[in-house]
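Q: Model the full structure from these sequences, guided by the hints.
In order, the protein sequence lines correspond to chains A and B. Sequential numbering of the first sequence, starting at 841, is according to my numbering. Sequential numbering of the second sequence, starting at 841, is according to my numbering.
There could be a bad hint or two in this list.
Identical copies carry no separate label here, and so any pair may be met within one copy or between two of them.
What the hints assert, rightly or not - Calculated lysine to any residue pairs in the SDA-like style (CA-CA distance at most 25 Å, straight line):
| # | residue 1 | residue 2 |
| --- | --- | --- |
| 1 | 856 | 843 |
| 2 | 1012 | 845 |
| 3 | 882 | 1144 |
| 4 | 1163 | 960 |
| 5 | 916 | 1078 |
| 6 | 856 | 845 |
| 7 | 1144 | 1080 |
| 8 | 1070 | 1147 |
| 9 | 1070 | 842 |
| 10 | 959 | 1214 |
| 11 | 1012 | 842 |
| 12 | 1012 | 865 |
| 13 | 1144 | 1066 |
| 14 | 972 | 867 |
| 15 | 1012 | 847 |
| 16 | 1001 | 1187 |
| 17 | 1144 | 1199 |
| 18 | 856 | 842 |
| 19 | 871 | 897 |
| 20 | 916 | 1012 |
| 21 | 951 | 1181 |
| 22 | 959 | 920 |
Honestly, the hints are just simulated from the structure, not real lab data. Model, not experiment: these values are computed from the prediction.
2 protein chains.
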Amino acid sequence: MYNFDFYNPTRIFFGKDRLDMIDKSVPANAKVLITFGGGSAKKSGLIDKVKANLGTRTVVEFGGIEPNPRYETLMKAAEVVRSENIDFILAVGGGSVIDGTKFICLASHYKGDARDLLKFGFAQITSSVVEKVVSFGAVLTLPATGSEMNCGAVISYEHGKFPVMSELAYPKFSILDPTYTFTLPKIQVANGVVDAFVHTVEQYLTYPVDARVQDRMAEGILQTLIEIGKTTVNEPENYDARANHVWGATMALNGIIAVGVPQDWATHMIGHELTALFGIDHGQTLAIVYPALLEVCRDQKRAKLLQYAERVWTITNGSDDEKIDRAIQNTRDFFESLGIKTHLSEYGVTADQIPEVVEQLKAHGLTALSETGAITLDVSRKILETAF
Amino acid sequence: MYNFDFYNPTRIFFGKDRLDMIDKSVPANAKVLITFGGGSAKKSGLIDKVKANLGTRTVVEFGGIEPNPRYETLMKAAEVVRSENIDFILAVGGGSVIDGTKFICLASHYKGDARDLLKFGFAQITSSVVEKVVSFGAVLTLPATGSEMNCGAVISYEHGKFPVMSELAYPKFSILDPTYTFTLPKIQVANGVVDAFVHTVEQYLTYPVDARVQDRMAEGILQTLIEIGKTTVNEPENYDARANHVWGATMALNGIIAVGVPQDWATHMIGHELTALFGIDHGQTLAIVYPALLEVCRDQKRAKLLQYAERVWTITNGSDDEKIDRAIQNTRDFFESLGIKTHLSEYGVTADQIPEVVEQLKAHGLTALSETGAITLDVSRKILETAF
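A: Listed below in structure tokens is the structure:
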């Protein structure tokens, strides 16, 4: 097990009917900005319920944060924060709204050009960079990204997606009521399962470092997602399945399974380029890239692939290579069983566009990905070809 | 899955050579009290290393916090905090030192009779009760109680052990360096494994509520402790085994496996009386009580016992009752394999002393224990007789 640091101060209120915790958690006299996305939270009446729970506090709304939230949109919100003297933000939405809100919190009072904040990558943005940060809480409506309990965000600017990490951007609290996700379109639920699944394997399927608790916890999240995946997609009002989906997605990226282990975020990095170039949903890009990445990197990941085959998929017969083949095929089949296609060609991308993706990886400096840095641009190309 | 709240702001620094984080984490001009136990941390040179990492800060020492830390001892430390104007405490030790330090932090500036703080049981002591609380960090030397990453303590006063819970008492940080535990006596290591194991089952082996991630995480901790138990006891300098022991023990009681599930702390409650009356080590009391409790409560816990048998012990053959029998026997054998005897009679207690234990449970109001409240005094007596 490697040395590690762990810190996660986000307070979670999980379950049915938890909106009363807003009044108890938001400072009494705060002027509050509610951020949200395309309007479904408004149409469903959730925003009204949130406002009712803010009592007499003054509330300003900022809607229209898009999937893969864009820098320009967020800077408009930051302007509202400044002009309206906002003290606290309530993000009502999924990962994009929460990610976007983290950036608004960091950027609103940043003294330089806020595009600076896109340049830190996975390095922490500290209080020496951003002196004053707005606090926020979240009401989650989409189980997928884990943003409700971590300090990371991904912000889109021009043709890139930029990670932004800051302990200053942990939600003060997040309300996770599975019933608020009942009205999601099936495809978003399926994307959410894939996102949580791939987050988990990206912190697990690397090489062994004898981190037994972490491995077993990751395997437990994967097994849970496999067990409830089809149900949570096909029976949107099945509370138990959805509750396990929600909590699994949160646990997949709150840092707890990441401690002391190597990580491989190549699938997300390559996937981000597919979203930026072709507008493919984030979850879909992961379902495209991941099985292909496992195929191409099967030697690099051999020991952990065998563990994954045995413990997650209960594959105990056959040669090692046969076990790995079946584990990869099961992974692909699982994504497909949720209604997510796993081949790039099925999304209208043509083979001659693959070099364009590789160019973007190069332009963003993503030339040595994975737990070992062995996914060079050539390997990324091979992964994309395998995924085609 | 039940509704739940989760919050845990303790920062963890895990691994080799992490003492440099003290200087980065303790306020720059703080006057620091170092609390410790019987002197082994002093003899080993750890206290000196800790002091070296405090640089020019003024340091006061308070040693002699005993196992099952006593109210009177802790109040002497509280007097030091007040008379020396201590700003920050560094606890260097195991669960007793850290538990004791939490109480010192809460009691030092409490305005009433500090024995009031023993009356809250599992209810939170809030800032409306204790206005000013001293902050503290910990350097862990014994993997067992999980106190290094939770907000609970158990304090001994007269013939009772009293739980004390307060979010105000979370360690600001804890340094978990497995090498600091290499010099522990074998029995303390074994007790630590049992303590972590029983913490885990107390949050797991109740009745099913379809909390899949939590169940699998608990099972993962149990499997880890089973895998590394004998090694961490018999090969004290086996870093990997000890690292898994340390992290397993922390994860077993930092709240993460407790969320949304029923809990059964009967074994700890009955065990506390055995420690208070007969001076039996805490870990040993758990190894005595738990297998007997499973036997007596096998109907109440039937569904989860079968899950435990299958997933933790890979018992798949035989009738349900045979599976449960084997799971209970395996649990007992596991404790014995660590060198911990599991029968009350092996600790010099006689059968006619059992009513005395039951009387103490009654005196402390522990008359309806377990996840259902079904462990009445009669059932506790039966457990103790079965454990004899």
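Q: Now look at each hint and say whether the structure bears it out.
A: Hints, verified against the model:
1. 856 / 843: between (38 Å within a copy, 7 Å between copies)
2. 1012 / 845: Both: 20 Å inside a chain and 13 Å across chains, each within 25 Å.
3. 882 / 1144: neither (44 Å within a copy, 42 Å between copies)
4. 1163 / 960: neither (40 Å within a copy, 54 Å between copies)
5. 916 / 1078: Classified as neither; 38 Å inside a copy, 56 Å across copies.
6. 856 / 845: between (33 Å within a copy, 12 Å between copies)
7. 1144 / 1080: Answer is between: at 18 Å across copies they meet the 25 Å cutoff, but 30 Å inside does not.
8. 1070 / 1147: For residue 1070 and residue 1147, the Cα distance is within 25 Å both inside one copy (24 Å) and across copies (23 Å).
9. 1070 / 842: This pair counts as between: shortest inter-copy Cα distance 22 Å, intra-copy 36 Å.
10. 959 / 1214: The answer is within: 23 Å in one copy meets 25 Å, while 59 Å across copies does not.
11. 1012 / 842: between (29 Å within a copy, 22 Å between copies)
12. 1012 / 865: both (8 Å within a copy, 21 Å between copies)
13. 1144 / 1066: For residue 1144 and residue 1066, both the intra-copy (18 Å) and inter-copy (21 Å) Cα distances are at most 25 Å.
14. 972 / 867: For residue 972 and residue 867, both the intra-copy (17 Å) and inter-copy (20 Å) Cα distances are at most 25 Å.
15. 1012 / 847: So residue 1012 and residue 847 pass the 25 Å test inside a copy (13 Å) and across (10 Å) alike.
16. 1001 / 1187: Within one copy only: 20 Å inside, 64 Å across.
17. 1144 / 1199: neither (30 Å within a copy, 53 Å between copies)
18. 856 / 842: Classified as between: cross-chain Cα gap 9 Å, same-chain 38 Å, threshold 25 Å.
19. 871 / 897: Within one copy only: 6 Å inside a chain, 41 Å across chains, cut-off 25 Å.
20. 916 / 1012: within (23 Å within a copy, 37 Å between copies)
21. 951 / 1181: Intra 44 Å, inter 65 Å, cutoff 25 Å: neither.
22. 959 / 920: Classified as within: same-chain Cα gap 24 Å, cross-chain 49 Å, threshold 25 Å.
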